[in-house]
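With chain A fixed as given, assemble chain B onto it according to the hints.
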Amino acid sequence: MGQMISLSEISKIIDNWLRATFNPTWTLIIEMVIAGVCVIGLFAVLGLVLVIMERKVSAWIQIRLGPNRVGPKGMFQSMADTVKLLVKEGLTPDGADKFLFNLAPLIAIVVAMLLMAPIAFARDFQMWDINIGVLYVSAVSSVMVISILMAGWASNNKYSLLGAMRSGAQIVSYELSAGLSIIAIVILTGSLSFNEIVHSQVDGWWIFKGHIPVLIAFVIFIIAATAETNRAPFDLAEAESELTAGFHTEYSGMKFALFFLAEYVNVFIVCAIGATLFLGGWMPFHIGSWQGFNQVMDYIPSSIWFMGKTFFLIFLIMWFRWTFPRLRIDQLLNLEWKYLLPISMFNLLLVTAMAILGWHF
Amino acid sequence: MSKGLPLWGRFGGGFMFLINYIKTVFSTVKSMLVGMRRTGYYFTHHKEIITEEYPDNRETMHLPERFKGEVVMPHDEKNEHRCTGCTACELACPNGTIKVVTKFDITPEGKKKKAIDKLVYHLELCTMCNLCIVACPSDAIKMAQTFEHSVFDRSQLTKVLNNPGSKIMDGVE
Chain A
1 MGQMISLSEI SKIIDNWLRA TFNPTWTLII EMVIAGVCVI GLFAVLGLVL VIMERKVSAW
61 IQIRLGPNRV GPKGMFQSMA DTVKLLVKEG LTPDGADKFL FNLAPLIAIV VAMLLMAPIA
121 FARDFQMWDI NIGVLYVSAV SSVMVISILM AGWASNNKYS LLGAMRSGAQ IVSYELSAGL
181 SIIAIVILTG SLSFNEIVHS QVDGWWIFKG HIPVLIAFVI FIIAATAETN RAPFDLAEAE
241 SELTAGFHTE YSGMKFALFF LAEYVNVFIV CAIGATLFLG GWMPFHIGSW QGFNQVMDYI
301 PSSIWFMGKT FFLIFLIMWF RWTFPRLRID QLLNLEWKYL LPISMFNLLL VTAMAILGWH
361 F
Chain B
1001 MSKGLPLWGR FGGGFMFLIN YIKTVFSTVK SMLVGMRRTG YYFTHHKEII TEEYPDNRET
1061 MHLPERFKGE VVMPHDEKNE HRCTGCTACE LACPNGTIKV VTKFDITPEG KKKKAIDKLV
1121 YHLELCTMCN LCIVACPSDA IKMAQTFEHS VFDRSQLTKV LNNPGSKIMD GVE
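Those protein sequence lines, which keep their order, are chains A and B.
What the first sequence shows, in this note's numbering, is residues 1 to 361, in sequence order.
What the second sequence shows, in this note's numbering, is residues 1001 to 1173, in sequence order.
None of these hints come from the bench; they were simulated from the model.
Some hints could be false.
[As the list claims (entries may be wrong)] Straight-line Cα separation of at most 30 Å, BS3-like style, residue types lysine-lysine; simulated pairs:
(1) K1159(B) with K1113(B)
(2) K1167(B) with K1142(B)
(3) K1047(B) with K73(A)
(4) K1103(B) with K1023(B)
(5) K338(A) with K1023(B)
(6) K1112(B) with K338(A)
(7) K1167(B) with K1118(B)
(8) K209(A) with K1078(B)
(9) K1078(B) with K1118(B)
(10) K1142(B) with K1078(B)
(11) K1167(B) with K1112(B)
(12) K1103(B) with K1078(B)
(13) K1047(B) with K1114(B)
(14) K73(A) with K84(A)
(15) K1114(B) with K209(A)
One chain only, chain A, in its complex shape (with noise of 0.2 Å):
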């Protein structure tokens, strides 16, 4: 394919370059030092351009203008806000347990930095491409319930003790339905692997290839990711009007940041999952035998295709966030237990009779 300067190409190139110039173990190296970095710039961008969407998407669904001071037509609002958030003092309260309340930010931004690892950003361009790619993910998102744990509890503070609470019971639920709405997609593919899960789907998408049972995981896995990531309408843990700022009310400057990025961080991840597993990742949008069409679809690159898939269910929750009143603690837990639980596992019964009798395209 006619594919101009990709970006598994600008990888294959720079990692020649350093093959040629280094001995294995320096190449491997400084590989990972560039991935790291790479890593890093990612997360300031996402930090920087999810805030900034966020504060116009909630602005123009409430019929406001949203920030405009800042640049032009308010931009740049969210680097002045990295900026004042830098400047500011990280206090540690008295009372609090010193060591596990600085510990807690990191441990978040360090998950949310792990979860990037299996991720296809791209055509061929992945960290780390390992055949258990998706438990990976939902193994590793869980220990972010326990940075959320440890800020609450070290704070020494009630709010931060109930949202962190709230935060436990409520991740420790919506991971199952997430769990059973994924399975659904691994038991169509066969495969746990995100690399062979988008190759699946060079025929067509999963959302449209499994008829309405992945259209119903799909659903499941959008709410199940929303409470997953904290976000309203399940932000029980946050809770402003009842707990201030729930696990993170003490947390201030750089601390908070580190949280706050984390949660962005989170809600591109879980949404770059659903892009990949639902929506074909990279895969670009193809129908049946127009030809032409298809050819166009192609010449997008493939990492426009990633990105604008993620940022479409990034959107899709920000959508949800600026909707949807907060659920009570108990509707929070029945709408999981008495609803998408037995919704998806009744689903996930169909998606395999589905996947039996090859149903599907």
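Frame of chain A, contents of chain B only:
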């Protein structure tokens, strides 16, 4: 469910439960979609935005008709107002904002007639409750749409509403 029910009753109960369950799910999804449609409409229709960029749009700013900024007394081009000095506004004011100072004019027929000398208005005490305007029998005062009332000295907020040398309009009793 009670033990006495026959088998079909139990089955029917379970069946009704399932129907209600599915109904709940569908009505919930439907109501969520209605809400998202509304917010999606606002997201895509920026003409609905109600934010006023205040200091920038001072010239073109649009205030609603019912906005209550301060009490003023309109005068016509002959410097005439409609106030008879009846003190209804002073009596209606809950916090003593208005003080009517009256005098007696001599009409051409040689009769004495009550008129206002000054209508003193304390903007710093006013809560913009509109009771004086409602109480006024001759529509002499109304609420203006000005709102930039900050001054450096409190005495500047005590205003005399009738213009100097003004007199009552003909035909207003």
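Here is what the structure says about each hint:
1. K1159(B) with K1113(B): holds, 25 Å
2. K1167(B) with K1142(B): Roughly 18 Å separates the two Cα atoms, so the pair holds.
3. K1047(B) with K73(A): Measuring from Cα to Cα gives roughly 16 Å; hence the hint holds.
4. K1103(B) with K1023(B): violated, 77 Å
5. K338(A) with K1023(B): holds, 14 Å
6. K1112(B) with K338(A): violated, 86 Å
7. K1167(B) with K1118(B): The given pair, whose Cα atoms are some 11 Å apart, holds under the 30 Å limit.
8. K209(A) with K1078(B): This hinted pair is violated, its Cα atoms lying about 82 Å apart.
9. K1078(B) with K1118(B): holds, 18 Å
10. K1142(B) with K1078(B): holds, 19 Å
11. K1167(B) with K1112(B): holds, 15 Å
12. K1103(B) with K1078(B): Holds, because 21 Å separates the two Cα atoms, which is no more than 30 Å.
13. K1047(B) with K1114(B): Cα-Cα ~54 Å, so violated.
14. K73(A) with K84(A): Judged against 30 Å, a Cα distance of about 20 Å means the pair holds.
15. K1114(B) with K209(A): violated, 90 Å
Against the hints set out earlier in the document, violations occur for numbers 4, 6, 8, 13 and 15.
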